[in-house]
Amino acid sequence: MTSRSNSALLIVGHGSTVNSDSSPPTLTHAAEIRRRKLFAEVGCAFWKEEPSLRDALFLFDPESIREVYLVPNFISEGYFTQTVIPRELELNGRITKRSNGQIWKYCEPVGNHPLMTDLLLRRAHEIASGIPESETSLLIVAHGTDLNENSAAAAKREAEKIRALGKYAAVLNAYMEEAPLVSDWQKLTKTANVIVVPFFISDGLHSYEDIPRLLGIASKRSTRLRSAGRSTARQATNSGTTRGEIFQRNPHKIAGRSLFYAPSIGTDLGFADIIIEQAAKFDSEAYPDRAAKLIAKT
Amino acid sequence: MPSVIERALQAALTDRFHFGQILIRNTNGSFVLSHRDDEVRTAPQTFRNAEEAVEIAKYDDAGNYRPLKTAPNLRHGWRLELATLDELRRALDYFYPGRLAVFAAWKNEQLRITPLRETLDRQSGMYRIAAKISDEQIDNVVGNFCRSDSGCLRTILWKRDQHSTIASTKLPPAKFDPLQDQTTVLDGPGSATPATAIPLLCQEPCNLLVAECRKVVKGESQLSDAIPNAFGTATGEK
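If you read the protein sequences in the order shown, they are chains A and B. Each residue of the first sequence is one higher than the one before, counting from -6 in my numbering. Each residue of the second sequence is one higher than the one before, counting from 17 in my numbering.
By construction, these hints were calculated from the structure, which means they are not laboratory data. Do not take every clue at face value.
[Said to hold, decoys possible] Where chain A lies over chain B, by a calculated footprint (3+ residues, C-beta under 8 Å):
| id | region |
| --- | --- |
| 1 | 78 to 86 |
| 2 | 117 to 123 |
| 3 | 127 to 133 |
| 4 | 138 to 149 |
| 5 | 214 to 224 |
[Unchecked claim] Listed next, the in silico SDA-like pairs over lysine to any residue satisfying Cα-Cα at most 20 Å (straight line):
| id | chain 1 | residue 1 | chain 2 | residue 2 |
| --- | --- | --- | --- | --- |
| 6 | B | 123 | A | 92 |
| 7 | A | 30 | A | 263 |
| 8 | A | 154 | A | 127 |
| 9 | A | 30 | B | 65 |
| 10 | B | 123 | A | 57 |
| 11 | A | 154 | A | 118 |
| 12 | A | 30 | B | 105 |
| 13 | A | 30 | B | 102 |
| 14 | A | 246 | A | 184 |
| 15 | A | 90 | B | 126 |
C-beta: ideal position from N, C-alpha, C; glycine also.
Bound-form chain B, shown alone:
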């Protein structure tokens, strides 16, 4: 019997759909994956093993390590051909680790959302100090660190605190809407044909954001500064 994750993936399968920056084309149960910008280009590298997604996802176009797989910097120039749904699931788990499971839990109304303050308050060791971040600093650091066009392509489901305060007023409403494909902010004129999308959902602030909050408290981050022209503001996101 397929798991809830496989069922959620199966239900989302269309002839062509997006998952983050990946375009998945489905032909009679076999799949061709590419960067969504590469639909009409001939990829110089073709792979046929789901495990090869690990290497594809590891570095960006410039060869830099990608510690955050949902950052908008998936490399171009590859094509991954997969014969089965099981292989597709494995490959998507390597490209965007854990996101399918979180999507399935959300579809089944089993996803638990954790506010940023709760995540910060339970930290220990070197991250304990991160809880001292001010609300204003959170507004700025989340607004800069999590923005889709340069930070992370996830849709934020969590709030700033238990009072349901929005995570950041610096981000557009679409950033919090699971029905929105965050990747569209990267599209220029004439880019990929729209397709249905499985959202990359964020149910709890990641360790990278916790680390950034710590840096803000310690005065080591510039991302808490509300400098409109340094990183742009919410209006910078399309």
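Isolated chain A, as found in the complex:
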């Protein structure tokens, strides 16, 4: 993608009032893209943190920024990408022209991009480097039963694509709250090695605590933090000091098998590339002539 002196990139994330690890991947990807100087400005906005989606309406100077590429840092289309973001940012569709002349381009969420498959493969390879893939099962874990979210469907799509490559002995989906359950991983897989990759946008309670407990690599569940609010902030932080350690103890030896547990896919630095690609993809679909030129120069 070529540098654009009058374009900005806005990355929208969910954020959290209780999980301090929710927004950092989005901020990290933004900083990396800013470093590459592909856009005149790179900003972030969050549903649950600052700047808010409403603040984002004022982030880019209409005098110098004529186009804003809006990329949702979400794993799939769903309630937030289809309802909340368009409403809060006053989008009329894929292209919105503001009264100040600024044009906002609503790109697809990061999780939709075909490069996501490569990223999952890379992460699986890195976490279990040197382990023969033909003797390994890959589990892609999603939440399941999300309200109006399609993350389970997206995880399923990725598993199918990786399975079709024929590299791993088995590629399966598993969910936290619906079958096939993460907690049944020993029944679901038959290989000596198992790699588990959470298909989430950031690390947090699910990847630090819930999934490890379901896998049997963490013995107990710490205080639940589902109820948002200031009163729970202390609990979130206290458990946060050690929760990243779960990823440092690979492989976990259980019942004579080796389990490799990866951080959430959204923490992968390769997400920055996918965010940029989603912006480029928007143009290739909306303006085929212009996009051909952009891709040629990438």
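Following the hints, put chain B in place on chain A, whose structure we already have.
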């Protein structure tokens, strides 16, 4: 050409000025940032990268996560040295995300203000119920939740509704005055030397307040109760 945000920041630069709880000292175009309470203390930690503001702003002195960056609980004991205006802008955006842009829009008379009722009325999903909050409950919850000494250091520009009703009668007039530095309510005797300040402006109720309104409607919040001695009243703010 500098953007309107950079121009607004540049215009506000003095030798020393406040932005929320941050003191910024400007020496020939390079900047030293610290907590405003730490001007005369030697900070145990010195940083030189704007991105490090993310970590500084993340937790309070007790190590608690700060979901609201404009809450009056910025941690102490750090010093951030920055070489350029661009780095200063980035760091201030990490400390108080979006506030410089809102300030610039306000200076340029481009800021759109949204009343609380309008924000509540457009919610969907789990927040739809928040619109059922009564005017009296709003008066109390805003008066408690947004107060500068324990809630949020922003200056409220929005009204309760389209009839321009004040957001809360429980807050002092200074809470709605963009020329007032809300942080002064935290100052004790002998605290930081006064300096010019860039205000932290609030053009629309945040999601945290919307969530609190929802809790009020569902009977899960105590902040809607008008209990003078529980959280104090408007007179509690200096």
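Results for each hint:
1. Evaluation of the coverage hint for the region 78 to 86 of chain B: fulfilled, as 9 residues show C-beta separations to chain A shorter than 8 Å, against a requirement of three.
2. For a cut-off of 8 Å, the count of residues in the region 117 to 123 of chain B with a CB near a CB of chain A stands at 4, and the three-residue condition holds.
3. For the region 127 to 133 of chain B, the stated coverage by chain A holds: 3 residues have a C-beta nearer than 8 Å to a C-beta of that chain, and at least 3 were required.
4. Note: the region 138 to 149 of chain B has 3 residues with beta-carbon separation from chain A under 8 Å; the three-residue rule is met and the coverage holds.
5. Evaluation of the coverage hint for the region 214 to 224 of chain B: fulfilled, as 5 residues show C-beta separations to chain A shorter than 8 Å, against a requirement of three.
6. The straight-line distance between the Cα atoms of residue 123 of chain B and residue 92 of chain A is roughly 19 Å, inside the 20 Å bound, and the hint therefore holds.
7. Of the supplied pair hints, the one linking residue 30 of chain A and residue 263 of chain A holds, its CA atoms being roughly 17 Å apart against a limit of 20 Å.
8. Taking the CA atoms of residue 154 of chain A and residue 127 of chain A, the gap is near 16 Å; set against the 20 Å cutoff, the hint holds.
9. Taking the CA atoms of residue 30 of chain A and residue 65 of chain B, the gap is near 18 Å; set against the 20 Å cutoff, the hint holds.
10. Distance check on the hinted pair: residue 123 of chain B and residue 57 of chain A sit about 17 Å apart at the alpha-carbon level, within 20 Å; holds.
11. Proposed proximity of residue 154 of chain A and residue 118 of chain A is supported: the alpha carbons are some 16 Å apart, at most 20 Å.
12. Our distance criterion of 20 Å between C-alpha atoms is met by residue 30 of chain A and residue 105 of chain B, whose separation comes to about 16 Å.
13. Among the hinted pairs, residue 30 of chain A with residue 102 of chain B is consistent with the structure: their alpha-carbon atoms are about 14 Å apart, no more than 20 Å.
14. Simply put, residue 246 of chain A and residue 184 of chain A have alpha-carbon atoms about 13 Å apart, close enough for the 20 Å limit, and the pair holds.
15. As the CA atoms of residue 90 of chain A and residue 126 of chain B are separated by approximately 17 Å, the hinted pair is consistent with the 20 Å bound.
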